[in-house]
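Chains as they are written, first to last, in my numbering: chain E, 1 to 178; chain B, 1 to 147.
Watch out, some of these pointers could steer you wrong.
Unchecked claim - List of simulated lysine-lysine pairs, DSS-like, C-alpha gap at most 30 Å:
id, chain 1, residue 1, chain 2, residue 2
1, B, Lys38, B, Lys73
2, B, Lys90, E, Lys91
3, E, Lys90, B, Lys90
4, B, Lys129, B, Lys26
5, E, Lys91, B, Lys79
6, B, Lys129, E, Lys90
7, E, Lys26, E, Lys167
8, B, Lys79, B, Lys90
9, B, Lys34, B, Lys138
10, E, Lys90, B, Lys79
Stated by the list, open to error - A short list of chain E residues far from chain B (calculated; beta carbon distances all over 12 Å):
id, residue
11, Arg25
12, Leu32
13, Asn38
Hints listed in this document are in silico derivations from the structure and should not be mistaken for laboratory results. On a predicted model such as this, the values are computed, not experimentally measured, just so you know. For each residue, glycine too, the CB sits at the ideal point set by N, CA and C.
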Amino acid sequence: MKVDDAVPNEFSYPGLGEIFITNTRKFINKVLSWGRANSLWPLTFGTSCCAIEMMVYGATKVDADRLGNLFIGDSPRQADMIFVSGTITKKMARRLLTVYQQMPAPKYVVAVGACNISGGLFWDSYNVIDGIDRIMPVDVYIPGCPPRPEQFLDAVKVLQKLINENKTRGGVYGPREI
Amino acid sequence: MDLERFRERFGDKVKIDKNILTLADKKDLIRVVKFVSKYFDVLYMLIVVHRPPKFELNYIFSRYQDQEIIQIKVEISDKENIASISNVFKSAEWEEREAYDMFGIVFRDHPDLRRILLPEDWPGHPMRKDFVVTEEIKHWTGLDLKF
Ligand code: SF4
Numbered sequence: 001m002k003v004d005d006a007v008p009n010e011f012s013y014p015g016l017g018e019i020f021i022t023n024t025r026k027f028i029n030k031v032l033s034w035g036r037a038n039s040l041w042p043l044t045f046g047t048s049c050c051a052i053e054m055m056v057y058g059a060t061k062v063d064a065d066r067l068g069n070l071f072i073g074d075s076p077r078q079a080d081m082i083f084v085s086g087t088i089t090k091k092m093a094r095r096l097l098t099v100y101q102q103m104p105a106p107k108y109v110v111a112v113g114a115c116n117i118s119g120g121l122f123w124d125s126y127n128v129i130d131g132i133d134r135i136m137p138v139d140v141y142i143p144g145c146p147p148r149p150e151q152f153l154d155a156v157k158v159l160q161k162l163i164n165e166n167k168t169r170g171g172v173y174g175p176r177e178i
Numbered sequence: 001m002d003l004e005r006f007r008e009r010f011g012d013k014v015k016i017d018k019n020i021l022t023l024a025d026k027k028d029l030i031r032v033v034k035f036v037s038k039y040f041d042v043l044y045m046l047i048v049v050h051r052p053p054k055f056e057l058n059y060i061f062s063r064y065q066d067q068e069i070i071q072i073k074v075e076i077s078d079k080e081n082i083a084s085i086s087n088v089f090k091s092a093e094w095e096e097r098e099a100y101d102m103f104g105i106v107f108r109d110h111p112d113l114r115r116i117l118l119p120e121d122w123p124g125h126p127m128r129k130d131f132v133v134t135e136e137i138k139h140w141t142g143l144d145l146k147f
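Start from the sequences and build out the full structure, keeping to the hints where you can.
In structure tokens form, the structure reads like this:
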């Protein structure tokens, strides 16, 4: 059958089966996003000063665990999201990409600090990636040099919202072409 | 440190000023470093300065028992190469790799002369005075990406 033939020329009501399937799909997607949003296990990729703030974020005062953001296994295989915190040099870019590719499919990236947004202090350096969105899809940016630990909390909140609205870039269906 | 020993041994091949030994000829480097290694334990720094058309290499040595340091200064033209001292002081290996990485100085007889800080396929040697950081170099990632 050609594509042109598929265009219906009569209006038809969806059958009961169709309604059931659509709604079930919506429901399942809701449940999945709810689950994903509330158990974001981060992979901590700290390469320099921003990493210190990330540690504070994981500690008791700014309690990350209450958002389901558990700092448990530092292994890319168990991680749902990655905090790229710290300057990424050109040599490190390849290692970062390797780690990113090892993470299982619904994966989210948070770019922490000025360095990862635009290069920061090192914007005209010969050896720093000016913005990691040039090498991987980024969902949330945290500005600051370094950002406050509370901003991490905010970023995770934003990420959860994005996941619930199904608007992440590397999101449910995996990264685009990496 | 009794610098008279150097004066006796090498005569006018080295110029001595406080604790800085300036070598007249880079061929004497290994001999002088071997002599230094009798009294000093550590090579703790190799500083390279590019003053076109010359490189100035400063080897700084220290020892554990007191605060003494000694510095050996050699000048080479920026097209020449120089002998590696890594079989006298083992720690020179990484220092020389860094000098190679940043300035493109080739060390003869070095066991493993690769880049140490920059990626292996990085174009050029960034600390040379004639190196210009262009837009292309700034944006180079070395990764073939499309997404
Ligand atoms: S953004 Fe600032 S604090 Fe963060 S890694 Fe870069 S220089 Fe360090």
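Evaluated hints:
no. : hint                 : result
1   : B/Lys38 <-> B/Lys73  : holds, 18 Å
2   : B/Lys90 <-> E/Lys91  : holds, 26 Å
3   : E/Lys90 <-> B/Lys90  : holds, 28 Å
4   : B/Lys129 <-> B/Lys26 : holds, 22 Å
5   : E/Lys91 <-> B/Lys79  : holds, 27 Å
6   : B/Lys129 <-> E/Lys90 : holds, 22 Å
7   : E/Lys26 <-> E/Lys167 : holds, 15 Å
8   : B/Lys79 <-> B/Lys90  : holds, 25 Å
9   : B/Lys34 <-> B/Lys138 : violated, 42 Å
10  : E/Lys90 <-> B/Lys79  : holds, 28 Å
11  : Arg25                : holds, 27 Å
12  : Leu32                : holds, 24 Å
13  : Asn38                : holds, 28 Å
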